[in-house]
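Knowing the structure of chain S, use the given hints to seat chain C on it.
Top to bottom, those sequences are chains S and C.
Mapping the first sequence onto our numbering, position 141 (from 1) lands on 146, and the numbers just tick up by one.
Mapping the second sequence onto our numbering, position 320 (from 1) lands on 325, and the numbers just tick up by one.
By construction, these hints were calculated from the structure, which means they are not laboratory data.
Keep in mind that a hint or two might mislead.
Listed below are several chain S residues computed to face chain C (Cβ distance under 7 Å; list not exhaustive) [what the hints assert, rightly or not]: (1) SER39; (2) ASN102; (3) GLY173; (4) LEU174; (5) PRO203; (6) LEU212; (7) PHE325.
Simulated crosslink set (SDA-like; lysine to any residue; CA at most 25 Å straight-line) [stated by the list, open to error]: (8) S:LYS54 x C:LYS54; (9) C:LYS54 x S:ALA176; (10) S:LYS54 x C:GLY356; (11) C:LYS54 x S:ALA209; (12) C:LYS54 x S:PRO204; (13) S:LYS54 x C:PRO13; (14) S:LYS63 x C:ALA210; (15) C:LYS54 x S:GLY356; (16) C:LYS63 x S:ASP184; (17) S:LYS54 x C:GLY380; (18) C:LYS54 x S:GLY185; (19) C:LYS54 x C:PRO13; (20) C:LYS54 x S:ASP184.
Because the structure is a prediction, the values reported are computed rather than measured.
For every residue, glycine included, the Cβ atom is placed at its ideal position computed from N, Cα and C.
Protein chains: 2
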Amino acid sequence: MSQPVARPEFIARYFVESSVPSEDIAQVIAGEQSSGTFLVLPGETEALKARSRARVLKVDRLPPAAEPSLASAYTARHGHTGSFYRANIDIAFPVENVGANLPSLLATVAGNLFELGEVTGLRLLDLDLPSDYAAQFLGPAFGVEGTRTMAGVYGRPIIGTIIKPSIGLSAEETAVLVDGLCGAGIDFIKDDELIADPPYERFAARLAAVMPVLHRHADRLGRMPMYAVNISGSIDDMLRRHDAVLAAGGTCVMASINWAGFAAIAHLRQHAQLPIHGHRNGWGAFTRHPALGFSFNAYQKLWRLAGVDQLHVNGLRSKFWEPDDSVIESARALLAPFAGLSPLMPVSSSGQWAGQAPDLFAQLGCTDVMHLAGGGIIGHPDGVAAGVTSMREGWEAAVAGEPLHTYAATRPALRQALAHFAPV
Amino acid sequence: MSQPVARPEFIARYFVESSVPSEDIAQVIAGEQSSGTFLVLPGETEALKARSRARVLKVDRLPPAAEPSLASAYTARHGHTGSFYRANIDIAFPVENVGANLPSLLATVAGNLFELGEVTGLRLLDLDLPSDYAAQFLGPAFGVEGTRTMAGVYGRPIIGTIIKPSIGLSAEETAVLVDGLCGAGIDFIKDDELIADPPYERFAARLAAVMPVLHRHADRLGRMPMYAVNISGSIDDMLRRHDAVLAAGGTCVMASINWAGFAAIAHLRQHAQLPIHGHRNGWGAFTRHPALGFSFNAYQKLWRLAGVDQLHVNGLRSKFWEPDDSVIESARALLAPFAGLSPLMPVSSSGQWAGQAPDLFAQLGCTDVMHLAGGGIIGHPDGVAAGVTSMREGWEAAVAGEPLHTYAATRPALRQALAHFAPV
Numbered sequence: 006m007s008q009p010v011a012r013p014e015f016i017a018r019y020f021v022e023s024s025v026p027s028e029d030i031a032q033v034i035a036g037e038q039s040s041g042t043f044l045v046l047p048g049e050t051e052a053l054k055a056r057s058r059a060r061v062l063k064v065d066r067l068p069p070a071a072e073p074s075l076a077s078a079y080t081a082r083h084g085h086t087g088s089f090y091r092a093n094i095d096i097a098f099p100v101e102n103v104g105a106n107l108p109s110l111l112a113t114v115a116g117n118l119f120e121l122g123e124v125t126g127l128r129l130l131d132l133d134l135p136s137d138y139a140a141q142f143l144g145p146a147f148g149v150e151g152t153r154t155m156a157g158v159y160g161r162p163i164i165g166t167i168i169k170p171s172i173g174l175s176a177e178e179t180a181v182l183v184d185g186l187c188g189a190g191i192d193f194i195k196d197d198e199l200i201a202d203p204p205y206e207r208f209a210a211r212l213a214a215v216m217p218v219l220h221r222h223a224d225r226l227g228r229m230p231m232y233a234v235n236i237s238g239s240i241d242d243m244l245r246r247h248d249a250v251l252a253a254g255g256t257c258v259m260a261s262i263n264w265a266g267f268a269a270i271a272h273l274r275q276h277a278q279l280p281i282h283g284h285r286n287g288w289g290a291f292t293r294h295p296a297l298g299f300s301f302n303a304y305q306k307l308w309r310l311a312g313v314d315q316l317h318v319n320g321l322r323s324k325f326w327e328p329d330d331s332v333i334e335s336a337r338a339l340l341a342p343f344a345g346l347s348p349l350m351p352v353s354s355s356g357q358w359a360g361q362a363p364d365l366f367a368q369l370g371c372t373d374v375m376h377l378a379g380g381g382i383i384g385h386p387d388g389v390a391a392g393v394t395s396m397r398e399g400w401e402a403a404v405a406g407e408p409l410h411t412y413a414a415t416r417p418a419l420r421q422a423l424a425h426f427a428p429v
Numbered sequence: 006m007s008q009p010v011a012r013p014e015f016i017a018r019y020f021v022e023s024s025v026p027s028e029d030i031a032q033v034i035a036g037e038q039s040s041g042t043f044l045v046l047p048g049e050t051e052a053l054k055a056r057s058r059a060r061v062l063k064v065d066r067l068p069p070a071a072e073p074s075l076a077s078a079y080t081a082r083h084g085h086t087g088s089f090y091r092a093n094i095d096i097a098f099p100v101e102n103v104g105a106n107l108p109s110l111l112a113t114v115a116g117n118l119f120e121l122g123e124v125t126g127l128r129l130l131d132l133d134l135p136s137d138y139a140a141q142f143l144g145p146a147f148g149v150e151g152t153r154t155m156a157g158v159y160g161r162p163i164i165g166t167i168i169k170p171s172i173g174l175s176a177e178e179t180a181v182l183v184d185g186l187c188g189a190g191i192d193f194i195k196d197d198e199l200i201a202d203p204p205y206e207r208f209a210a211r212l213a214a215v216m217p218v219l220h221r222h223a224d225r226l227g228r229m230p231m232y233a234v235n236i237s238g239s240i241d242d243m244l245r246r247h248d249a250v251l252a253a254g255g256t257c258v259m260a261s262i263n264w265a266g267f268a269a270i271a272h273l274r275q276h277a278q279l280p281i282h283g284h285r286n287g288w289g290a291f292t293r294h295p296a297l298g299f300s301f302n303a304y305q306k307l308w309r310l311a312g313v314d315q316l317h318v319n320g321l322r323s324k325f326w327e328p329d330d331s332v333i334e335s336a337r338a339l340l341a342p343f344a345g346l347s348p349l350m351p352v353s354s355s356g357q358w359a360g361q362a363p364d365l366f367a368q369l370g371c372t373d374v375m376h377l378a379g380g381g382i383i384g385h386p387d388g389v390a391a392g393v394t395s396m397r398e399g400w401e402a403a404v405a406g407e408p409l410h411t412y413a414a415t416r417p418a419l420r421q422a423l424a425h426f427a428p429v
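Excised from the complex, chain S in its bound form:
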């Protein structure tokens, strides 16, 4: 271990499983991801190491595994026998190695280390940045508060839905749907992640059809329903589309963050005057194996640095794989402080209806969430307006601490939702 040095550092925490003892793999990772390897390199002087070498801060050993989580031809070739060491480790990297550079930050904390031969499991669990380093990144311009201001919704969740079918509707058909949803008093609508600028119906046509509808309802509602328009595409297209949404009076843009990428989203953030709805499609590939990839907490911190304002966290009892505890933990992570950057608005969706409101409120402890329901709104037996009303009533009951069935006694929309979505 190097001597303590007075240099600004950021810290990455990992779960690591390896064929060599955890203390050793921690040193290998610290070396590989900074100034050198275990090999003595001609240029790796003491002065260079003091400036640039990452330090192992902590190795918290965990029980070993009999079998490797991930196969490695290297351990097999080197004749490894016996169990595989496991630990959570903390590594401190010099800020001076990276600077305010997201791709380089990722290359440092989430680069080649996933491929090391001795490593049979590696997951980035957490990141900690000094606030003056984090301040060098753009960070969210809107976050929770700015999203509320743009949506004109305070003191309760932002109730929303997704345009379905995901793809295939004409601009006019989309506008008709939006009209119905706004007529029902919806707070928020988003495009599906699958639709952006399909050749069969271009972005410009969709925007031109939808925006007048939103404005008509804004005049009536006294607030502009927030429409997260999917602007995903090339850099030039995303900026142009952002500008088109802004010019048309829209209040939100959406992008597929994993596939546009960190540099693109940070570039959009630099340019944008609207909140960025971060769609994390593909996220499953980054996280579903517990010994590989990223925890959501590390992931959301990286995207918070890049400057998204709203980020998906799945829903309770959803159609997705994720356990409810993990959904809540993710939403809490977005709302928690991180290095002086604004908290992000959690977007909870998939299989949602009024029924999840009490649990979501009880576990979040606040109403700072965008609660999106597809079938829970569009599939309500009394129609879309009753669907939206039932979602609001579900949250009113949750906040009041009243059981849904009690609260529903005098509220037909919620009563019908309970009868339809949770028949006893």
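For chain C alone, coordinates are given in the frame of chain S:
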């Protein structure tokens, strides 16, 4: 299954493991990733489905698994018992759903499907695009042939190395290393992925120190040693740095493709006049679990669409986890035709020296590869020049079909490499 339709389609092939029969999960995925779900949606008309719904082309069943590869709270909540179905499936998506939009293409073939509750394993194995669709993307501007032209190296591999220590050297120290390497006749040098524009020594200073050295040797060699300068950073910085490299007479730029992202790399490609060296750091997180993420073949096709020219494939008997068969398969994938786009130059590195040349040549069947050695060049007992010479001699022997030890009899550099790196 929908009726056959005369619409242009692209095809994605997956490995999928699920709690429901493979035929069913294939339909779920086709629905979720296009016009709808199993639920009947009001707007999902027959006309819309004919235009927009993805089609299941093929379900090749595999033996089931007793335990799920990936945990799912959904299957547990729904009381799934019994084994998990496995299959390779082919799904055809309408080109009209996406257009020439990389983030949307990824959202379609690699989006929410990783998270579906019934899915306990999902990996994108392959992609097939009609060539007139692929032609709408930029694709590689240089590829194998353009890289050779820019490097001035023909008829043999491009022999290269990586500046080490990865980070911490001053601009002047880097220039001294480069001078030594060029003096030794190296073809190619790359920055480590960890160094781009660190505050302790800025990009501009590194470039200013290194470029005159390269020019001095270019005059002597009659070819400009190719230096892949790591320009990773923000969109504006990457373009500016590309322009700076170009203006200084450089011949290659490098970026951390996963963390810059698809939109950023495609934007760079649109702007660039130099080959793009694609560094895939982080790739392990996308691929190390065999039931999750991406195969390299699908991955390289996506990056070929984006327009990288050179892409890393690891090395034989490397320090990384990857089996040698997989390394060869990756290199072959880059060199194979894909939808009319130029083949990419495979970059083979990690633990390389002259000793891998015969196997690499035998299995690739050609010399179209950038063969990078760190220790194999810098650690040669007779110095860097002997290191470079030994790499070239290793390849000469491989191409001539002579055993290394025979060929080394009259060649001291190769003989010393064998004695040092493969003592008998």
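Hint-by-hint comparison with the structure:
1. SER39: holds, 6 Å
2. ASN102: Because about 5 Å separates S:ASN102 from the closest Cβ in chain C, which is inside the 7 Å limit, the hint holds.
3. GLY173: Hint on S:GLY173: holds, closest Cβ of chain C at ~3 Å, below 7 Å.
4. LEU174: holds, 6 Å
5. PRO203: holds, 5 Å
6. LEU212: violated, 16 Å
7. PHE325: Check passed: Cβ of S:PHE325 comes within 4 Å of chain C, closer than 7 Å.
8. S:LYS54 x C:LYS54: Judged against 25 Å, a Cα distance of about 61 Å means the pair is violated.
9. C:LYS54 x S:ALA176: Distance ~16 Å between C:LYS54 and S:ALA176 Cα, so the pair holds.
10. S:LYS54 x C:GLY356: holds, 23 Å
11. C:LYS54 x S:ALA209: holds, 23 Å
12. C:LYS54 x S:PRO204: holds, 16 Å
13. S:LYS54 x C:PRO13: violated, 56 Å
14. S:LYS63 x C:ALA210: violated, 35 Å
15. C:LYS54 x S:GLY356: holds, 23 Å
16. C:LYS63 x S:ASP184: violated, 40 Å
17. S:LYS54 x C:GLY380: holds, 19 Å
18. C:LYS54 x S:GLY185: holds, 22 Å
19. C:LYS54 x C:PRO13: holds, 14 Å
20. C:LYS54 x S:ASP184: With Cα atoms ~23 Å apart, C:LYS54 and S:ASP184 stay inside 25 Å; holds.
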